[in-house]
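Protein chains in written order, with the numbering used here: chain U, 1 to 108; chain R, 1001 to 1286.
Check before you lean on any hint, since a few could be wrong.
What the hints assert, rightly or not - The calculated lysine to any residue pairs, modelled on SDA-like cross-linking and capped at a C-alpha distance of 25 Å, are:
| hint | chain 1 | residue 1 | chain 2 | residue 2 |
| --- | --- | --- | --- | --- |
| 1 | U | Lys54 | R | Val1082 |
| 2 | U | Lys54 | R | Glu1224 |
| 3 | U | Lys54 | R | Asp1068 |
| 4 | R | Lys1208 | U | Ala69 |
Claimed, not checked - In silico negatives: residues of chain R with every beta carbon more than 10 Å from chain U:
| hint | residue |
| --- | --- |
| 5 | Leu1057 |
| 6 | Thr1061 |
| 7 | Asp1107 |
| 8 | Val1116 |
| 9 | Tyr1147 |
| 10 | Gln1168 |
| 11 | Lys1196 |
| 12 | His1230 |
| 13 | Pro1264 |
Unchecked claim - Examples of chain R residues toward chain U, derived with CB under 8 Å:
| hint | residue |
| --- | --- |
| 14 | Ala1048 |
| 15 | Val1049 |
| 16 | Leu1050 |
| 17 | Ala1054 |
| 18 | Glu1058 |
| 19 | Pro1059 |
| 20 | Glu1086 |
| 21 | Gly1110 |
| 22 | Ala1137 |
| 23 | Glu1149 |
Because the hints were derived from the structure by calculation, they are not lab data. Just so it is clear, CB atoms sit at the ideal spot from N, CA and C, and this is done for glycine as well.
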Amino acid sequence: MTLRPELALSAVLLSGCNATLPLPSPAHAEAAQKRSPGTSVESLTAARSTYVAKCSGCHTLWLPERLSAAEWPQAVERMQTQHGVELTSLEREQVLLYLQSVRSDAER
Amino acid sequence: MNRPTSFKPLPTFQYFATGLGLLTAAVMMYPATAEASDRHFNRTYESAVLNPGAMELEPWTTWRAGRDAYFSRFDQRLEFEVGVVENLQTALYWNFKAVTADSSVPDATGMGTTRVRSSAFEFSGISSEWKYKLSDAVADAVGSALYGEVSIGPAEVELEAKVIVDKQIGSLLFAANPVFEFEWGMGELETEKEIKTGVAAGAGYFVKPNMVVGVELEQYNKLEHGELEHSRVSAGPSFAVASDRYWLTLSVLPQILAFKGASPDSHLDLSDGEYVQTRILMGFDL
């Protein structure tokens, strides 16, 4: 059996569908509003920028699906306490809200 | 008089087997609790830069071995890297090299030549590196960065520029760097100019979040007096592992094929290049 090049390429491209850090959508903002009223697409977009700026300098960014919604707060706290990541409490809250809201299995 | 023995190359597959054996041993011994790395390849750069104020110390050791005659060279670089502002980092290197090689010299009769082995250890200069990140390998469609390095030593001055592109797709990681170098060598009689171009590329797989096993390739071209004199490609396995405070990458790159400058009766360029290059690169958070 031989692997057809077009099938292999399709498999790679399909596997990449979820490979980029999601941009917040109105549906994400709506989901986030259940936990934090007043959340908007703009505030989630700003939180995404904070996440990229603060975290990509030390390691490859983790996609939101890598951890469960419950695990993200512990991970962020560990980065702050053990690796000196500087986040204000508001930035931390917003980044967590973004990561938990854009997960593919987040409540809509 | 002892006649020096020339370097006996191992078949290419044995280099791969040795490299993979080392990698497997490292994987088996490494604790699974470790995390985070900012380099996943050994030869190929990625777009990531340090956060402003973050600092790292990186010792490099590169061993190049095997030419037409005996040749063994260690390049040792010590790099101090610091994040300057968002998306910009710089680094300062101290470069040293130790070479042991055979060369032909006139024999006692003056009618022929004989081989002589000599060793030298020298400070080869300092380098300043600047890297600016344009986009992120995960947050954007493609990660990218611009890289420039200037090296000044007692015997040469070198400018190097790279374009860095990379992308992580799930557990797969890809990176490529077109490279351009301009070198001025301070010869005894004249200044020698060389242009080097090439591409470094890598593909890796995250075995664990802190561990990448991959393959890297280097295509290298050297132009002298405007003519392409040497062109060759090397490829081999690479491995990267990281903990919270340090990371390590390793690659073993045997020369695969010479397009230009192949030695007589060989498909490899062993006058300017080597049978194999091995590099260990470590990074320590400061």
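Is the nearest CB of chain U more than 10 Å from the CB of R/Asp1107? holds (58 Å)
Status of the R/Val1049 interface restraint (C-beta, 8 Å, chain U): holds (6 Å)
Is R/Val1116 truly not at the interface, in the sense that its beta carbon sits beyond 10 Å from all beta carbons of chain U? Correct as stated: the minimum Cβ-Cβ distance to chain U is 49 Å, above 10 Å.
The output says R/His1230 does not contact chain U. Does that hold with a beta carbon cutoff of 10 Å? Non-interface label stands for R/His1230: nearest chain U Cβ at 33 Å, farther than 10 Å.
Under 8 Å, Cβ to Cβ, is where R/Gly1110 needs to be relative to chain U, so tell me if that hint holds or is violated. At about 63 Å, which exceeds the 8 Å cut-off, the nearest Cβ of chain U leaves the hint on R/Gly1110 violated.
The hint names R/Leu1050 as touching chain U; please verify it with the least Cβ-Cβ distance against 8 Å. Result: holds, 5 Å to nearest chain U Cβ.
For the hint on R/Glu1086, just tell me whether its beta-carbon gets within less than 8 Å of chain U. holds (6 Å)
Would the least Cβ to Cβ distance between R/Pro1264 and chain U come out above 10 Å? holds (38 Å)
Does R/Ala1137 hold up as a contact with chain U if the rule is Cβ-Cβ below 8 Å? holds (7 Å)
Decide if the proposed pair is consistent with the structure: U/Lys54 and R/Val1082, CA atoms, cutoff 25 Å inclusive. holds (15 Å)
With the threshold set at 25 Å, check whether the alpha-carbon distance from U/Lys54 to R/Glu1224 stays at or below it. violated (45 Å)
Would you check whether the claim that R/Thr1061 is not at the interface survives, using Cβ distances to chain U and the 10 Å cut-off? holds (24 Å)
Hints 2, 3, 10, 18, 19, 21, 23 from the list above are not met by this structure, while the remaining hints are.
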